[in-house]
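A.B. asks: Starting from the known structure of chain A, arrange chain B on it as the hints suggest.
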Amino acid sequence: MSTPVKSPPPTWWTMALLLLPFLALIPVPIYNRVTPAVFGVPFFYWY
Amino acid sequence: MNSTALAVFTALFLIVTVLGFAAARWRRGDLSRLHEWGLGGRRFGTVVTWFLLGGDLYTAYTFIAVPALMYGAGAVGFFAMPYTAMIYPILYLVFPRLWAVAKEHGYVTASDVVRGQFGNRWLALAVAVTSLVATMPYIALQLVGLQVVIGAMGVESSGLAKDLPLIIAFAILAGFTYTSGLRAPAMIAVVKDLLIYVVVIVAAVILPIKLGGLSQIFAAVPAAKLTLAAPGPGTLGSYSSYATLALGSALALFLYPHSLTGILSSSSQQVIRRNAALLPAYSVALGILALFGYMALALHVGDRPEFADGFARYGSNFAVPALILDVFPSWFVGVAFAAIGIGALVPAAVMSVACANIVSRNIFREFVNPSATDAQEARVAKLASLLVKAGALVFIILVPVPYALQFQLLGGLWMIQVLPSVLLGLYLRMLNGWALLIGWAAGTALGTWMAWTLEFKAAIYTVSIFGFGVPGYIALYALAANLVVSFLLSAMWRHFTARSATGQFALRAEAQS
Numbered sequence: 001m002s003t004p005v006k007s008p009p010p011t012w013w014t015m016a017l018l019l020l021p022f023l024a025l026i027p028v029p030i031y032n033r034v035t036p037a038v039f040g041v042p043f044f045y046w047y
Numbered sequence: 048m049n050s051t052a053l054a055v056f057t058a059l060f061l062i063v064t065v066l067g068f069a070a071a072r073w074r075r076g077d078l079s080r081l082h083e084w085g086l087g088g089r090r091f092g093t094v095v096t097w098f099l100l101g102g103d104l105y106t107a108y109t110f111i112a113v114p115a116l117m118y119g120a121g122a123v124g125f126f127a128m129p130y131t132a133m134i135y136p137i138l139y140l141v142f143p144r145l146w147a148v149a150k151e152h153g154y155v156t157a158s159d160v161v162r163g164q165f166g167n168r169w170l171a172l173a174v175a176v177t178s179l180v181a182t183m184p185y186i187a188l189q190l191v192g193l194q195v196v197i198g199a200m201g202v203e204s205s206g207l208a209k210d211l212p213l214i215i216a217f218a219i220l221a222g223f224t225y226t227s228g229l230r231a232p233a234m235i236a237v238v239k240d241l242l243i244y245v246v247v248i249v250a251a252v253i254l255p256i257k258l259g260g261l262s263q264i265f266a267a268v269p270a271a272k273l274t275l276a277a278p279g280p281g282t283l284g285s286y287s288s289y290a291t292l293a294l295g296s297a298l299a300l301f302l303y304p305h306s307l308t309g310i311l312s313s314s315s316q317q318v319i320r321r322n323a324a325l326l327p328a329y330s331v332a333l334g335i336l337a338l339f340g341y342m343a344l345a346l347h348v349g350d351r352p353e354f355a356d357g358f359a360r361y362g363s364n365f366a367v368p369a370l371i372l373d374v375f376p377s378w379f380v381g382v383a384f385a386a387i388g389i390g391a392l393v394p395a396a397v398m399s400v401a402c403a404n405i406v407s408r409n410i411f412r413e414f415v416n417p418s419a420t421d422a423q424e425a426r427v428a429k430l431a432s433l434l435v436k437a438g439a440l441v442f443i444i445l446v447p448v449p450y451a452l453q454f455q456l457l458g459g460l461w462m463i464q465v466l467p468s469v470l471l472g473l474y475l476r477m478l479n480g481w482a483l484l485i486g487w488a489a490g491t492a493l494g495t496w497m498a499w500t501l502e503f504k505a506a507i508y509t510v511s512i513f514g515f516g517v518p519g520y521i522a523l524y525a526l527a528a529n530l531v532v533s534f535l536l537s538a539m540w541r542h543f544t545a546r547s548a549t550g551q552f553a554l555r556a557e558a559q560s
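In the order they appear, the protein sequences are chains A and B. If you're matching positions, the first sequence starts at 1 in the working numbering and goes up one per residue. If you're matching positions, the second sequence starts at 48 in the working numbering and goes up one per residue.
By construction, these hints were calculated from the structure, which means they are not laboratory data. Every residue gets a Cβ at the ideal spot worked out from N, C-alpha and C, and that includes glycine. Some hints here could point you the wrong way.
Facing chain A, a subset of chain B residues (Cβ under 8 Å, in silico) [said to hold, decoys possible]:
#1 L294
#2 Y474
#3 G516
#4 F534
#5 L535
Chain A regions said to be covered by chain B (calculated; three or more residues, Cβ under 8 Å) [to be verified]:
#6 19 to 28
#7 34 to 46
So that you can see chain A by itself, here it is in the shape it has in the complex (with noise of 0.2 Å):
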């Protein structure tokens, strides 16, 4: 059985991908429409 390990807290490259979900989501704007559709997928839907 493991023990715990006390982990390093993550980098700044790490933490930036990590945010960048809640970044390119939360903000419906910039994907809230139908071009530029891919392969006749409507960009909100692909994106």
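C.D. replies: Same frame as chain A, but now just chain B:
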């Protein structure tokens, strides 16, 4: 009745029934101990955890309800995608630490963690009761998914015969959960998830070809539903509704006891982090499944006379079963419906094990028999798991589905109120147990009141900020109030206890001089 589909469905159900009972011998452990029965001995590695968490989070109800929402309401149903994109950074950052604390102290539930962090049994009880109350309707709603696919195969839809398949399925579920604990859904999740991926991949290839391409599918959606409606003047409208619904759902998901049980059953922090990177594969499958709602629109399944009865009974929830029935041969229909049906069993099993852990550890041991042995604890948990399932079955048989949905809506806004004590308590020493309890009460009361003003029919409440309307997910507004109260009262507590300590220090110094 679709006999071929029913035969395939039944055969796959029998296979998972055998697996469920056989799981008691898998990674053999002493099932008379709560952490072995209720957490699989904390031995699940990356692959098993991936299947278990995936099977646990992406439920039958998800696979029925998300496309149904797309079918009925359009783009707003796609909120499941940003929601599931936001959960994994939270899982990666926060939950390894929660796992480590739980492992070090032998904690089995979130209430255990809160009890240990704050030493406040009433706060821990609040977390426990919230978890139980929020999970019960969720278990019941898994049965809705099972009901829909059983009904779609043409099984009798009235009288006792209507409920008999559900009762049989639940009896099987109760049996293997009692004997095998968390090992049962972990093993069955492998079968369920493989079936789901097979169905999604096959359908994702076949359906667009049949419908003439992806552009034809989206062309069938009314323009007004293809994207979110732009807000009018003086309001953030659908933008804030959509964003807060996704964010609030993401914050709440891993607080549910069934999610936490899956996480605590992992063998290490690294397993959790790896799964935070690997689980998004399920979100890709969910995205494709969501589009099944649009495919059902493109095929006009709602206008077909052969599906009229199904839509009359189940509403938009019948969109995916109708789509599958229309396009695929009977044997594949059986496979797809079995995937959905088994997809109800896995989360229902984990939810009942999680609730049983809470009843045993945080109610029985804390308040009834503090000197309970491990064996007594495990026995109480097994009995509680039966009662929880029986309660959920009675609930869904007797209570109309709209009420179950309203209950689940309330469950979500209640569940998020434990976030400050369960998660923030891991990082912030300044928080006080009593302040958190009052904050929890404030958030729960406010959220429930907001939902009541909407007659429990909607999750979005509009707050006016300097005359500007901000529609938002009730759970987030209630959480904001919770946080303000918790931090304010904690700060006041620290201030007054520091002053009191300083005063006492000064008095002692004066007495000594």
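A.B. asks: Which numbered hints turn out to be false for this structure?
C.D. replies: 2, 3, 4 and 5
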